[in-house]
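Undergrad: Listed here are the chains, written in short residue letters.
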Amino acid sequence: MPTRPRRDATGPAAPNGAVGRLPITRRGMLLLGVQGAVAGALAWRLRHLQVEEHERYRLLAEENRINVRLIAPARGQIFDRDGRPLAVNIQNFRVVLVREQAGDAEEMLDRLASLIDVSEAEHARVLADIREKPAFVPVVVAEHLSWDAFARANVNAPALPGIQPEVGLSRHYPHGPATAHVVGYVGRVTERDLERVETIEPLLRLPEFRIGKTGVERAREKVLRGEAGTRQIEVNAVGRVMRELDSRKGEPGEDLHLTIDIGLQEFCLDRLGEESAAAVLMDVETGDVLAAASSPSYDPNPFVLGISYDAYDALLNNDHRPLHNKWASGQYPPGSTFKPVVALAALGEGIDAGERVFCPGYLKLGRRRFHCWRHGGHGWMNMEDALEQSCDVYFYEIARRIGIEKIAAMAHRMGMGEEAELPIPPVSSGLIPTKAWKRASRGKEWQVGDTLNAGIGQGFVLATPLQLAVMTARVASGRGVQPRLIRAQAGQPLAPKPVVETGIDPRHFDIVRRGMRAVVNGRHGTARGVRIDDQFWLMSGKSGTSQVRSFTNAERARGLPDKVPWKHRTHALFIAYAPADAPRLATAVVVEHGGGGSSTAAPICRDILIAARDRLMAAPGTGPETGMPRPIARPVDRA
Amino acid sequence: MSVAPAAAAGRYTLVQKLLRLNFSLVLLVVAIACIGFLVLYSVAGGSLEPWAGPQIARFAIGMALMLIIAVIDIRFWYRLSPFAYGVALVLLVGVEVAGETSNGATRWLDLGPVQIQPSEMMKIGLVMMLARYFAGIDRDRVSHPLWLALPLAMVVLPVVLVLEQPDLGTAIMLTCSGLAVIFLAGASLWYFATGVIVTGLTVWAVLASQGTPYQMLENYQYERIETFLDPASDPLGTGYHITQAKIAMGSGGLSGRGFMQGTQSRLNFLPEKHTDFIFTSLAEEFGFMGSVSLLALYLLVVVFCFAAMASTRDRYGALLIGGLGATFFLYWSVNMAMVTGLIPVVGVPLPLVSYGGSAMMVLLVAFGLIQSAHIHRQ
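If you read the sequences in order, they're chains A and B.
Residue numbering for the first sequence follows this note's numbering, starting at 1 and increasing by one per position.
Residue numbering for the second sequence follows this note's numbering, starting at 1 and increasing by one per position.
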């Protein structure tokens, strides 16, 4: 280095150039020295942090890996009205894989497959899951293992890093198809489920978490879910759980007691048999739904684990639509079962029940003839006769006189045309047409012919089996009862739903009830063949046969309605209550394309009411009038 | 030194100029930038997106810019110096008036298609201006108080504007690089001794003024100072950066966890892992060996700058190299001191490694000027 202090003295004269740079060099050396010292200090600091304190910081880094795991809460269980289980949590032995801990995940899977059954498809799904998710998220490899298989995996766990045997809870529906259309089922959380919720709880991201998909499981998801607990665990350098540091128990979901009686529920579904049909049985005083069946049904249990594509496809493509909840959301033209409503509307408008109308077999409106179901006509009919024999002409006539708006108003007072508040998504509203409705939805003016059709429950009128049952219960009790499906939550009985004020004169109900009693018990009743021979359990009812397509006169003459394909046959409906004199239970049955109401649907109603009577008599203490359900023992919380 | 005949006249062909480049510095810059690409690739989880790719593209553009600046005659830059300083100053005032605010600081100026950060421009402009000033006055006047007042004002003006933004890191860098040029120019050591004492008193005053109506810094700056003094006091708040940075570096140990194996940065414990705190990712994955190697490369750059300065006869060129070398030194030393917890977090990137276009451009322009001074050193 040429720079020496003494040479500095030669510089001052020169402002620039060769001599002037020498002090710069000297000062530069000084500056470089400072910079070198700073670099040295940094190096010393790094050595301190990275070499001397390495152990400490390595441990702290591991502490960073203390993670908080969520514990899924035990889902609230669902029981029938007497405490018999409808939806329960059973132990689920499963094996999960954590990629971070496994090293070679594929190798671990292969080793595991030699111990327990892992199908090819499962194998592929697990590998796909592993790639998708962060390394530390456990992926379920196999679920619902037998005890033996689970024990094998457990014993060999030390040789399988990253493989963790776990005991979880899994939803089970002991009555399977019988409760599918009431309780519903739970399933894996999908993107669509996440779109539906406002705030996505971390709990929803747990692989084993199941969310309510249909029925009560979905409608009461919030109550049933409970709150997640947390578990702080410490993992070592290879990620194995070393110890639990802290654990906060979550809140289990609340139990629900339905109004359903599982015995009657199973009976109803059985009785509907192979038909595409629905039945609802209600307590006319409290509105409790004792049974609500939709046939054919399906087993909800496979949905919990994830149903196979083929099985799901088969359910979707079945023309009897097993997945469709017909009792709450199936909408049918009520046919003649609508006549009690029309009769009440007429009475409300001051029409005398004793006034007689002549039925020649048809009613002429301009050049159009509106036919009665009986070709030759019924002759002179008063209101009770017309209900007993289901005379169409009588109801054409009174419907024409009072008009559609009065009929619609009465239908609404009887619970039709609007959704009932039941925890069963989806509940349909049915359809009660009005002039305004037709203008808005069809863009056409209302015709008198439309009123006539509505008068016999055809045309635009649609009702669900649930609405028909509610209407029947209101006729039977004379009170505006509302349907109820849940009678107790977390062991606390819920107050019955308040009765709606219908403002209908009780004497009007008497007239309609006399007519309905005659339907089953009268000499000319359309359903006299299904009479219950028990003076304490006499049945009253009303049949209905509703067309799904219209027939020409020529077709009628050839008796075509009975020979058309299944899809075009008439729906068979029947509504009934018992006992006739002091009504306790009401029921409504719809058999899709079942033919005649009195021949197909009425016997089902009769059998349901008889079964209900037997049920009430066999266990008088636990019948519909019971207050509190029995105490319930909750299974041990294994989470 | 062998000089081509043409060189004697101060005129070189383009090829000759390129051959006169300081290749040691070029290689060092490329090497450091490549380390940056590796770390950015790693913190992105083994992907060129979103950081490494754009960074490589920027570096390529910056290198081209560096070469263009390098082959332009140093006299051009000498004449340009006052304008560079003036424009940067005007833009700094512009930021005050119409700057874009982000993270509580107003640093950006939105000029339609481009956003510029005048405080970065000033890092070069100030050194150019001071070098130009001291190259133009007699050496025996350098220590004269009157002749020193002007350069001090040149330093203080932008520093005040930058502190207004507020950007403590840049203010420190501007002050130190400005003082470095004045120091290299030969101002009396007594001034510096006095300066150190005054600075000490100022620091005391700043700390003592906290909470009084005369409080001299923003609250967040005080918080950072407190956090620095006791990082454990608020481990999830402002102390989080430093604590997590130390954990990441410390867990790297002597030889590191290995490339792409840094769990701390990977699991997102580290904040700003790709910008100001990128050094911690490197230290975690490559350990003490890796971090000291980078430190050595940085120090080598400074040493080569000094050598280039020593061999430059032109006073402007020498001061320019010395000042810009000091600026580069300040970048890495402040950043490393910051992430290792030696000084408060002030927001200075790791030069040529941190993700970001502004600092990259400033640094490569600076190296372009250093190369220009070196090529035209006669």
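It is worth saying that the hints were derived from the structure and are not from the lab.
Take these hints with a grain of salt, some might be off.
[Said to hold, decoys possible] Footprint (simulated), chain A over chain B, 3 or more residues, beta carbon under 8 Å:
{"no.": "1", "segment": "203 to 215"}
{"no.": "2", "segment": "245 to 259"}
{"no.": "3", "segment": "279 to 293"}
{"no.": "4", "segment": "299 to 309"}
{"no.": "5", "segment": "326 to 335"}
[What the hints assert, rightly or not] Between beta-carbon pairs, the in silico distance windows are:
{"no.": "6", "chain 1": "B", "residue 1": "Ala64", "chain 2": "A", "residue 2": "Trp44", "range": "44 to 54 Å"}
{"no.": "7", "chain 1": "B", "residue 1": "Tyr220", "chain 2": "A", "residue 2": "Glu418", "range": "55 to 65 Å"}
{"no.": "8", "chain 1": "B", "residue 1": "Cys34", "chain 2": "A", "residue 2": "Leu30", "range": "41 to 51 Å"}
{"no.": "9", "chain 1": "B", "residue 1": "Ala60", "chain 2": "A", "residue 2": "Tyr312", "range": "20 to 30 Å"}
{"no.": "10", "chain 1": "A", "residue 1": "Leu30", "chain 2": "B", "residue 2": "Val203", "range": "55 to 65 Å"}
{"no.": "11", "chain 1": "A", "residue 1": "Gly103", "chain 2": "B", "residue 2": "Thr202", "range": "33 to 43 Å"}
[As the list claims (entries may be wrong)] So the derived list for chain A, only partly shown, Cβ under 8 Å to chain B, looks like this:
{"no.": "12", "residue": "Gln35"}
{"no.": "13", "residue": "Leu160"}
{"no.": "14", "residue": "Lys444"}
{"no.": "15", "residue": "Val448"}
The beta-carbon is built from N, C-alpha and C at its ideal position, and this holds for glycine as well.
Undergrad: Next step is simple, just say for each hint if it's right about the structure.
TA: Evaluated hints:
Three residues within the 8 Å Cβ limit are the bar, and the segment 203 to 215 of chain B against chain A gives 0, so the coverage statement is violated. For the segment 245 to 259 of chain B, the assignment as covered by chain A holds, since 9 residues bring a beta-carbon within under 8 Å of that chain's beta-carbons and 3 suffice. Requiring three or more residues with a Cβ within less than 8 Å of a Cβ of chain A, the coverage given for the segment 279 to 293 of chain B holds, as 5 such residues are present. Given a C-beta distance limit of less than 8 Å, the hint that chain A covers the segment 299 to 309 of chain B holds, as 5 residues qualify and 3 suffice.
Counting residues of the segment 326 to 335 of chain B whose beta carbon lies closer than 8 Å to any beta carbon of chain A gives 3, which meets the minimum of three for the stated coverage. For the pair Ala64 (chain B) and Trp44 (chain A), the beta carbons lie near 39 Å from each other, so the given range of 44 to 54 Å is not met. Judged by the Cβ atoms, the range 55 to 65 Å given for Tyr220 (chain B) and Glu418 (chain A) holds: they are separated by roughly 60 Å. For Cys34 (chain B) and Leu30 (chain A), the Cβ-Cβ distance of about 32 Å falls outside the hinted range of 41 to 51 Å, so the restraint is violated.
In this structure, Ala60 (chain B) and Tyr312 (chain A) break the distance hint of 20 to 30 Å, their C-beta atoms being roughly 55 Å apart. Distance hint check for Leu30 (chain A) and Val203 (chain B): the Cβ-Cβ separation is about 23 Å, which falls outside the suggested range of 55 to 65 Å. In this structure the supplied range 33 to 43 Å is violated for Gly103 (chain A) paired with Thr202 (chain B), their Cβ-Cβ distance being about 57 Å. For Gln35 (chain A), the suggested interface contact is upheld, since its CB lies about 5 Å from the closest CB of chain B, less than 8 Å.
Interface restraint check: Leu160 (chain A) against chain B, minimum CB-CB distance 23 Å, threshold 8 Å, status violated. Violation of the interface hint for Lys444 (chain A) is found here, the shortest Cβ-Cβ separation to chain B being roughly 60 Å, above the 8 Å cut-off. Contact between Val448 (chain A) and chain B, as hinted, is not supported at the beta carbon level, the nearest pair being about 72 Å apart and thus beyond 8 Å.
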